[in-house]
Amino acid sequence: MSLPLRCTIRLIHANDMIQIQNLGFSYGNFPVLNNINLQLEEGRIYGLLGENGVGKTTLLTLLCGLKKPQTGSIIIDSHNPYKREPSFLTESYYLSDEVAQMNMSAQEYAKSYGKFWEKFQIEKFLEIMGIFENDPAQKMNKMSCGQLKKTWISFALACNTRYLFMDEPTNGLDIPSKAQFRKAVTKYTSEDSTLLISTHQVRDLENIIDPIIILDRQDVLLNATLEEIASKLYFDYGTEKIEGALYSELVPGGNVQVLLNSTGEESKVNIEALFNTVHLHKDLIKSVFNK
Amino acid sequence: MDFNSNKSIYIQICDDICEKILSGRFAEGERIASVREYGAEIGVNPNTVMRSYEKLTGEGIIFNKRGIGYFISEGAREAVLKKERKEFMDNELPVIIKRMKLLGIDPSEAFGVK
Numbered sequence: 001m002s003l004p005l006r007c008t009i010r011l012i013h014a015n016d017m018i019q020i021q022n023l024g025f026s027y028g029n030f031p032v033l034n035n036i037n038l039q040l041e042e043g044r045i046y047g048l049l050g051e052n053g054v055g056k057t058t059l060l061t062l063l064c065g066l067k068k069p070q071t072g073s074i075i076i077d078s079h080n081p082y083k084r085e086p087s088f089l090t091e092s093y094y095l096s097d098e099v100a101q102m103n104m105s106a107q108e109y110a111k112s113y114g115k116f117w118e119k120f121q122i123e124k125f126l127e128i129m130g131i132f133e134n135d136p137a138q139k140m141n142k143m144s145c146g147q148l149k150k151t152w153i154s155f156a157l158a159c160n161t162r163y164l165f166m167d168e169p170t171n172g173l174d175i176p177s178k179a180q181f182r183k184a185v186t187k188y189t190s191e192d193s194t195l196l197i198s199t200h201q202v203r204d205l206e207n208i209i210d211p212i213i214i215l216d217r218q219d220v221l222l223n224a225t226l227e228e229i230a231s232k233l234y235f236d237y238g239t240e241k242i243e244g245a246l247y248s249e250l251v252p253g254g255n256v257q258v259l260l261n262s263t264g265e266e267s268k269v270n271i272e273a274l275f276n277t278v279h280l281h282k283d284l285i286k287s288v289f290n291k
Numbered sequence: 001m002d003f004n005s006n007k008s009i010y011i012q013i014c015d016d017i018c019e020k021i022l023s024g025r026f027a028e029g030e031r032i033a034s035v036r037e038y039g040a041e042i043g044v045n046p047n048t049v050m051r052s053y054e055k056l057t058g059e060g061i062i063f064n065k066r067g068i069g070y071f072i073s074e075g076a077r078e079a080v081l082k083k084e085r086k087e088f089m090d091n092e093l094p095v096i097i098k099r100m101k102l103l104g105i106d107p108s109e110a111f112g113v114k
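As given, the protein sequences belong to chains A and B, one line each in that order.
Heads up: the first sequence begins at 1 in the numbering used here, then just goes up one per residue.
Heads up: the second sequence begins at 1 in the numbering used here, then just goes up one per residue.
Bear in mind the hints are in silico, worked out from the structure with no lab data behind them.
All of these numbers come straight from a predicted model, not from anything done at the bench.
Treat the hints with caution; some may be incorrect.
As the list claims (entries may be wrong) - Listed next, the in silico DSS-like pairs over lysine-lysine satisfying Cα-Cα at most 30 Å (straight line): (1) K178/A - K119/A; (2) K286/A - K241/A; (3) K7/B - K241/A; (4) K183/A - K55/B; (5) K68/A - K282/A; (6) K187/A - K7/B; (7) K232/A - K55/B; (8) K68/A - K115/A; (9) K183/A - K124/A; (10) K86/B - K65/B; (11) K241/A - K282/A; (12) K83/B - K7/B; (13) K187/A - K86/B; (14) K7/B - K286/A; (15) K86/B - K232/A; (16) K7/B - K183/A.
Please take these sequences and the hints and turn them into a complete structure.
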């Protein structure tokens, strides 16, 4: 008797700020997204994972209103992104993988273009640039790939939007910048902002992204918090081989083995191993996670 | 903070805080960083830190003053000691004993007592 009630609550959950329903998108005759359903809650930092070509970038560009859904709908806090209403645009930012080399200094760019976002703060931009050890007076078309990326990340965070979509933000960053990125993302986003970050570099974002969404060809394989994942799957890092492990991988000092969590004991989620496990056992994982 | 251990990250954060209480770096009654500040400091999702804080609150080691922040409870050090001693006796010591037996090390040799 309680089951139908729970389903209803799930569908209209107040915290679901982003609702994607039966979303479909094709490039010509080539379908990329088909019948995608996803709910994203407010105040979380989602990691969007998936193999090359499954439509991560397409999904991000649909969410920020750059593309129009061909079927289904996206509703973000009662907005339809593709309508591109100023009240939505001022609360959202999309940082693409490839960023523009503007013919002006980072500071000039931020001063002129920051105006489009109501809550943009130039001080915050300069502060984050400082953390990245980036010179705001430098011309953007004279910057290295990493410096340019860090400028755009600083700008994106300084816009103070409620919805921040980032496509492969750690691409091109050097090792210290990756750690700075993790800190900046935690420090400079507010509690009610929702982030969706696509990445192949899961190690760059380990400990930062939670929940994890795994997108597959025309399907969502997983959308779960680390807590849920750890309650359903157990990650063993011992040296002994375990019979019936769903996945195992040799790592320095032993194995990572993934099995169904039968004891309730919580282990550290290894996102790479999770990704591979989910891909090996698509149906099993779906049935385990779909309550 | 180093997350090399295989324990879940939120447990490792709890362990880190407990260790700071034991070593005296966190005094009883002292305010600790907010979920977000702490997350930024160690590069961890604030929701993960929140889970750690909730666990420690449940154990009475820290407490939340609504709208002000989290503080180390009075008697936290004693509570941590009790908890960690139990953990040592239940989980860590048996491993050491097993290893000593395996290597043929006598307690008198390891601890310099008869």
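Each hint tested on the structure:
1. K178/A - K119/A: With a Cα-Cα distance of about 26 Å, the restraint between K178/A and K119/A holds, given a limit of 30 Å.
2. K286/A - K241/A: Holds, at about 25 Å.
3. K7/B - K241/A: holds, 19 Å
4. K183/A - K55/B: OK: K183/A and K55/B at ~23 Å, within 30 Å.
5. K68/A - K282/A: Holds, at about 29 Å.
6. K187/A - K7/B: holds, 25 Å
7. K232/A - K55/B: Holds, at about 20 Å.
8. K68/A - K115/A: holds, 26 Å
9. K183/A - K124/A: With a Cα-Cα distance of about 14 Å, the restraint between K183/A and K124/A holds, given a limit of 30 Å.
10. K86/B - K65/B: Satisfied, since the Cα-Cα distance of roughly 29 Å is no more than 30 Å.
11. K241/A - K282/A: holds, 23 Å
12. K83/B - K7/B: Within the cut-off at roughly 17 Å; holds.
13. K187/A - K86/B: Since the Cα atoms of K187/A and K86/B sit roughly 36 Å apart, the hinted pair is violated (cutoff 30 Å).
14. K7/B - K286/A: Holds. K7/B to K286/A sits at ~25 Å (cutoff 30 Å).
15. K86/B - K232/A: holds, 28 Å
16. K7/B - K183/A: holds, 22 Å
In summary, the structure is inconsistent with hint 13 from the numbered list given earlier, while agreeing with all the others.
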